[in-house]
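*Asks:* Residue numbers (our numbering), protein chains in the order written: chain A, 1 to 167; chain B, 1 to 338; chain C, 1 to 315.
Do not rely on the hints blindly, as some may be mistaken.
Sample of chain A residues with no beta-carbon within 12 Å of chain B, all distances over it, derived [what the hints assert, rightly or not]:
| no. | residue |
| --- | --- |
| 1 | Gln6 |
| 2 | Gly31 |
| 3 | Met138 |
| 4 | Lys142 |
| 5 | Ser151 |
The list that follows gives simulated cross-link-like pairs (lysine-lysine, DSS-like), each with its CA atoms no further than 25 Å apart [as the list claims (entries may be wrong)]:
| no. | chain 1 | residue 1 | chain 2 | residue 2 |
| --- | --- | --- | --- | --- |
| 6 | C | Lys200 | A | Lys59 |
| 7 | C | Lys49 | B | Lys209 |
| 8 | C | Lys199 | A | Lys142 |
| 9 | B | Lys256 | A | Lys13 |
| 10 | B | Lys256 | A | Lys59 |
| 11 | C | Lys199 | B | Lys225 |
| 12 | C | Lys315 | B | Lys225 |
| 13 | A | Lys142 | C | Lys200 |
| 14 | B | Lys49 | C | Lys49 |
| 15 | C | Lys200 | B | Lys225 |
| 16 | C | Lys297 | C | Lys279 |
| 17 | C | Lys49 | A | Lys96 |
| 18 | B | Lys270 | C | Lys117 |
| 19 | C | Lys84 | C | Lys49 |
| 20 | A | Lys59 | C | Lys94 |
| 21 | C | Lys49 | B | Lys211 |
| 22 | C | Lys91 | B | Lys270 |
Pairwise CB distance ranges, derived in the manner of DEER restraints [stated by the list, open to error]:
| no. | chain 1 | residue 1 | chain 2 | residue 2 | range |
| --- | --- | --- | --- | --- | --- |
| 23 | C | Glu119 | A | Gly136 | 56 to 62 Å |
| 24 | B | Leu67 | A | Gly136 | 43 to 49 Å |
| 25 | B | Thr253 | A | Ser131 | 25 to 31 Å |
| 26 | C | Glu119 | B | Val76 | 35 to 41 Å |
| 27 | C | Ser114 | B | Thr41 | 19 to 25 Å |
Hints were generated in silico from the structure; no laboratory data involved.
On a predicted model such as this, the values are computed, not experimentally measured, just so you know.
A virtual CB, placed ideally from N, CA and C, is assigned to each residue, including glycine.
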Amino acid sequence: MHATKQQHDFEPKIVSFVCTWCTYAGADLAGTSRMQYPANVRVIKFPCTGRIDPVFILKAFQKGADGVLVSGCHPGDCHYMAGNFHARRRFAAFRKLLEFVGVDLARLEFSWVSAAEGGKWVEVVTGLTESIRAMGPMTEFKELKTEEHWSGQLETAELKEAYDSIP
Amino acid sequence: MSKTITEQNLRLLVDALLKEGGRVVAPKLAETMTLYEPLATGQELDLTKLPRRSSKETFFPLCETILTFERDEAGVRVGDVDPASFPETVLLGARPCDAAAPSILDAVFSWDYNDEFYLERRRKTTIIGLACTTADDACFCTAVGLSPADTRGSDLFLTPLEGGGYACQAVTDKGKELMEKQAQFFSDAGSEKPLAPAEPAGEPLDLGKIKSWLDGNFENPLWTKIADLCVGCGACAFLCPACHCFDISDEGTEAKGCRRKHWDACGFGKFTNHASGHNPRDVQPQRYRNRIMHKFKYYDDKFGRTLCTGCGRCIRWCPVGIDIAAILQQVEAKVEVE
Amino acid sequence: MNNMAQKIEATTPIDTSSYASATEAIRAEAARLLTEGSVTAVIGYRSGKRAGTAMPAIVTSPEKAAELIFSPSCVNNLALYLTKAKKDIRKTGKVAIVAKGCDIKALAGLMGESQLKREEVVILAVACAGVKGSGAATGEPLTTANIARKCRECTVHTPQGADSVAGSLSTLPELAPLEAEELARLEALTPAERWSFWKKHFSRCVRCLACRQVCPFCYCEQCMCDRNRPQAVETTPRPAGNMAWHIVRAMHLSGRCASCAECERACPMDIPLNLLNRKMAQELKELYGHEAGLKPKEKGPLAEYREDDDQSFIK
Numbered sequence: 001m002h003a004t005k006q007q008h009d010f011e012p013k014i015v016s017f018v019c020t021w022c023t024y025a026g027a028d029l030a031g032t033s034r035m036q037y038p039a040n041v042r043v044i045k046f047p048c049t050g051r052i053d054p055v056f057i058l059k060a061f062q063k064g065a066d067g068v069l070v071s072g073c074h075p076g077d078c079h080y081m082a083g084n085f086h087a088r089r090r091f092a093a094f095r096k097l098l099e100f101v102g103v104d105l106a107r108l109e110f111s112w113v114s115a116a117e118g119g120k121w122v123e124v125v126t127g128l129t130e131s132i133r134a135m136g137p138m139t140e141f142k143e144l145k146t147e148e149h150w151s152g153q154l155e156t157a158e159l160k161e162a163y164d165s166i167p
Numbered sequence: 001m002s003k004t005i006t007e008q009n010l011r012l013l014v015d016a017l018l019k020e021g022g023r024v025v026a027p028k029l030a031e032t033m034t035l036y037e038p039l040a041t042g043q044e045l046d047l048t049k050l051p052r053r054s055s056k057e058t059f060f061p062l063c064e065t066i067l068t069f070e071r072d073e074a075g076v077r078v079g080d081v082d083p084a085s086f087p088e089t090v091l092l093g094a095r096p097c098d099a100a101a102p103s104i105l106d107a108v109f110s111w112d113y114n115d116e117f118y119l120e121r122r123r124k125t126t127i128i129g130l131a132c133t134t135a136d137d138a139c140f141c142t143a144v145g146l147s148p149a150d151t152r153g154s155d156l157f158l159t160p161l162e163g164g165g166y167a168c169q170a171v172t173d174k175g176k177e178l179m180e181k182q183a184q185f186f187s188d189a190g191s192e193k194p195l196a197p198a199e200p201a202g203e204p205l206d207l208g209k210i211k212s213w214l215d216g217n218f219e220n221p222l223w224t225k226i227a228d229l230c231v232g233c234g235a236c237a238f239l240c241p242a243c244h245c246f247d248i249s250d251e252g253t254e255a256k257g258c259r260r261k262h263w264d265a266c267g268f269g270k271f272t273n274h275a276s277g278h279n280p281r282d283v284q285p286q287r288y289r290n291r292i293m294h295k296f297k298y299y300d301d302k303f304g305r306t307l308c309t310g311c312g313r314c315i316r317w318c319p320v321g322i323d324i325a326a327i328l329q330q331v332e333a334k335v336e337v338e
Numbered sequence: 001m002n003n004m005a006q007k008i009e010a011t012t013p014i015d016t017s018s019y020a021s022a023t024e025a026i027r028a029e030a031a032r033l034l035t036e037g038s039v040t041a042v043i044g045y046r047s048g049k050r051a052g053t054a055m056p057a058i059v060t061s062p063e064k065a066a067e068l069i070f071s072p073s074c075v076n077n078l079a080l081y082l083t084k085a086k087k088d089i090r091k092t093g094k095v096a097i098v099a100k101g102c103d104i105k106a107l108a109g110l111m112g113e114s115q116l117k118r119e120e121v122v123i124l125a126v127a128c129a130g131v132k133g134s135g136a137a138t139g140e141p142l143t144t145a146n147i148a149r150k151c152r153e154c155t156v157h158t159p160q161g162a163d164s165v166a167g168s169l170s171t172l173p174e175l176a177p178l179e180a181e182e183l184a185r186l187e188a189l190t191p192a193e194r195w196s197f198w199k200k201h202f203s204r205c206v207r208c209l210a211c212r213q214v215c216p217f218c219y220c221e222q223c224m225c226d227r228n229r230p231q232a233v234e235t236t237p238r239p240a241g242n243m244a245w246h247i248v249r250a251m252h253l254s255g256r257c258a259s260c261a262e263c264e265r266a267c268p269m270d271i272p273l274n275l276l277n278r279k280m281a282q283e284l285k286e287l288y289g290h291e292a293g294l295k296p297k298e299k300g301p302l303a304e305y306r307e308d309d310d311q312s313f314i315k
């Protein structure tokens with residue numbers, strides 16, 4: 001039942017921040033139902049989308065993510081009544097900010113996936129993985145990490161190498 | 001030894017130095033301001049304005065890696081930064097207030113511990129100073145014992161001439177060497193008159209008097225009065241040629257990372273904050289007092305120098321208009337009254 | 001700093017003759033309040049040592065009220081001195097504050113966030129034709145070339161809702177909205193072009209944190225960007241941490257910023273920070289109809305929600 005895994009030149013790293021009540025349970029359902037989806041997504045669970053600070057998204061990109069997915073309960077289904085409503089506004093604003101500083105919004109996706117929507121989880125993750133694979137690696141933040149103010153630039157090759165390899 | 005150099009030859013000198021593989025740091029136009037930056041060609045040289053930041057970053061970078069670390073099963077491996085890798089540098093067009101600063105800072109970086117990051121950069125740098133022919137209302141080098149034509153700290157010193165070009169004076173052997181090595185760009189001094197030096201408004205301050213007041217006034221209502229306005233940013237310290245405090249941060253992960261040394265400022269609340277949460281300088285007046293005390297008392301006590309060259313940058317860029325020259329005048333006047 | 005000023009209309013002086021009467025009115029009102037004892041301090045402006053400059057002043061006795069001024073160099077947003085970060089001043093009791101229209105927006109914002117009560121402060125508003133932008137020479141008068149970029153699009157020259165208004169303005173010149181134009185220009189670029197624009201600016205950041213320290217809304221006693229366990233933003237002044245810092249700063253001010261543009265003015269490295277604030281303000285207006293105003297609002301746009309908020313970006 002395992003389809004032969006296709007070989008790709010580039011496997012994107014995607015970080016997904018999900019709420020424990022809906023999307024995490026949805027992803028779990030996809031797993032227990034033996035649905036296949038790309039292993040490119042690293043799932044990090046939170047109590048609620050309301051706990052997902054925009055800084056986490058930024059940090060994920062800084063640490064080398066090629067894409068970020070944020071997913072939680074559908075409006076009205078929040079375990080804490082309104083966490084996802086607050087999150088919705090915050091993310092609406094944050095994506096505009098990221099876009100304005102020059103991040104391609106195709107790398108940042110949001111979805112509502114309920115505990116019953118294992119199929120939707122597979123669809124969202126597969127779609128995002130494929131589109132990011134097509135876009136190639138996210139280079140902006142990675143390049144920025146290795147940059148120095150001229151005064152502190154190191155000239156030796158060994159150090160440069162040691163330095164570049166730091167995650 | 002005194003020669004002259006034309007504007008064009010000064011640019012060609014930059015090109016020649018670059019060709020030899022050295023680095024030339026000099027004032028360069030960066031859109032809305034002038035900054036000391038490494039030049040790519042002599043054409044980029046722009047000596048018209050005092051750069052926004054001082055030239056201290058040539059010796060004391062804004063942020064530099066001092067070691068790398070990596071941890072695995074075998075233990076921790078530490079990668080050292082070898083100061084020998086620092087480039088030979090010519091700092092060109094440093095104003096007297098900037099050129100004098102490293103000669104003041106040498107003392108603190110080679111006192112109980114020899115800071116090779118600073119000292120090696122210092123050894124590898126030749127400073128070509130430039131006399132100021134214009135000053136603005138924030139300049140006060142004359143008030144702290146320097147002058148717009150002061151050669152202190154410079155290896156070579158340029159003075160603009162009336163008809164264009166510069167008189168070039170070798171101040172140290174290092175400067176003389178550079179001049180001899182690049183002799184083709186210099187000509188013998190003619191009868192051309194130098195432009196008159198700038199005249200900063202600041203009346204000379206009696207630094208000894210000021211210090212004597214500071215000696216006895218660690219606690220004084222003046223500190224609160226001044227620092228009530230201070231918002232606790234680091235603009236003054238970061239633009240200052242003489243402020244040299246730094247912090248050390250580890251960055252990366254526990255498994256792999258860098259240790260970095262970067263500028264810090266005593267105006268920040270976090271500067272003296274202890275891990276326990278206790279902060280010995282927990283209000284702004286105490287922090288501002290430290291700024292003044294360090295510059296005009298502590299450094300003098302320890303090294304016999306004043307930690308201020310009167311460049312006026314902190315006055316120009318203080319977001320709330322705090323004027324250190326005015327404060328010094330106020331302190332001086334207090335001594336007279338008392 | 002406004003580097004585009006040269007290309008616009010010919011430089012003409014802006015009429016600031018009313019600032020003299022505004023100064024008189026502020027002095028009289030400050031002296032009256034301090035004599036009566038209805039306030040313990042007046043936060044205003046006084047002349048700096050250099051001719052033509054001004055700086056904040058905290059006046060506590062009626063005699064000193066005569067030191068207060070209003071001029072085109074009165075750039076600071078004094079609302080800063082009423083925040084938690086500067087709590088010492090308010091410990092003394094009720095205070096009066098000299099405020100331009102833009103500053104009153106910040107006061108209203110602070111009231112909305114329960115940082116300040118209206119009855120704790122006497123607002124001495126000033127009818128303001130504009131103040132000078134950073135980079136203007138100290139001695140020169142206010143002109144269409146050196147006016148602060150925010151003032152070109154000011155809608156609160158003569159503010160409402162204060163306890164008194166000092167001075168009255170005659171006709172004001174029509175000025176090109178340079179900041180709006182710059183914002184539109186950036187919006188029309190590709191993400192990659194915008195990235196290089198901000199990368200260049202943020203790379204110059206030295207992390208002096210003047211932007212944070214002058215902001216009336218950055219009153220947190222513990223900034224998350226100062227924490228190191230866990231560390232949200234690298235504290236070293238390298239391009240990576242600088243980018244993160246400015247993104248976080250802009251996000252934390254979204255829906256709260258009163259657009260006084262103090263961050264941009266205070267920046268010694270000329271980073272056009274208000275463009276970020278302005279962009280966020282524009283987006284929040286479009287999305288949720290929110291706008292910083294002269295009246296306190298109970299909740300900011302990111303502190304409330306509607307069930308039918310736009311979610312077209314969510315799958």
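*Asks:* Each of the hints needs a verdict: does it hold here or not?
*Replies:* Hints, one by one, checked against the model:
Distance check for glutamine 6/A against chain B: the nearest CB is about 32 Å away, which clears 12 Å, and the non-interface claim stands. No beta-carbon of chain B comes within 12 Å of the beta-carbon of glycine 31/A; the shortest separation is about 29 Å. With a cut of 12 Å on Cβ distances, methionine 138/A stays outside the contact zone with chain B, its closest approach being about 19 Å. No Cβ of chain B comes within 12 Å of the Cβ of lysine 142/A; the nearest lies about 14 Å off, and the non-interface call holds.
With a cut of 12 Å on Cβ distances, serine 151/A falls inside the contact zone with chain B, its closest approach being about 4 Å. Annotation: proposed proximity of lysine 200/C to lysine 59/A holds, straight-line Cα distance about 20 Å (limit 25 Å). At roughly 21 Å between alpha-carbon atoms, lysine 49/C and lysine 209/B fall within 25 Å of each other, so this suggested pair holds. With a CA separation close to 13 Å, the supplied pair lysine 199/C and lysine 142/A stays within the 25 Å bound.
At roughly 20 Å between alpha-carbon atoms, lysine 256/B and lysine 13/A fall within 25 Å of each other, so this suggested pair holds. The hinted pair formed by lysine 256/B and lysine 59/A meets the criterion: a straight-line CA distance of about 17 Å does not exceed 25 Å. Pair hint lysine 199/C plus lysine 225/B does not hold up; C-alpha atoms about 40 Å apart against a cutoff of 25 Å. Straight-line distance between C-alpha atoms of lysine 315/C and lysine 225/B comes to about 57 Å, which puts the hinted pair past the 25 Å bound.
Taking the CA atoms of lysine 142/A and lysine 200/C, the gap is about 16 Å. The hint holds against a cut of 25 Å. Taken as a hint, the lysine 49/B and lysine 49/C pair is honoured in the structure, with Cα atoms around 23 Å apart against an allowance of 25 Å. Proximity of lysine 200/C to lysine 225/B is assessed by CA-CA distance (about 39 Å); at most 25 Å being required, the pair is judged violated. Under the criterion of a C-alpha separation no larger than 25 Å, the hint pairing lysine 297/C with lysine 279/C is consistent with the structure, at around 21 Å.
Taking the CA atoms of lysine 49/C and lysine 96/A, the gap is about 44 Å. The hint is violated against a cut of 25 Å. Restraint check for lysine 270/B and lysine 117/C: the C-alpha separation of about 29 Å exceeds 25 Å, so the hint is violated. The suggested pairing of lysine 84/C with lysine 49/C is violated, with an alpha-carbon distance near 29 Å, which exceeds 25 Å. In summary, the hint linking lysine 59/A to lysine 94/C is not supported, as the alpha carbons are separated by about 43 Å, beyond the 25 Å threshold.
Our distance criterion of 25 Å between C-alpha atoms is met by lysine 49/C and lysine 211/B, whose separation comes to about 22 Å. At most 25 Å may separate the alpha-carbon atoms for a hinted pair to count; lysine 91/C and lysine 270/B meet this at roughly 23 Å. Distance hint for glutamate 119/C and glycine 136/A: a CB-CB separation of about 59 Å, consistent with the stated range 56 to 62 Å. The supplied range of 43 to 49 Å is broken by leucine 67/B and glycine 136/A, whose beta-carbon atoms lie about 34 Å from each other.
Threonine 253/B and serine 131/A have their C-beta atoms about 29 Å apart, which keeps the hinted 25 to 31 Å range intact. The hint said 35 to 41 Å for the Cβ distance between glutamate 119/C and valine 76/B, and at roughly 60 Å that hint is violated. A C-beta distance of roughly 57 Å is found between serine 114/C and threonine 41/B, which places it outside the suggested range of 19 to 25 Å.
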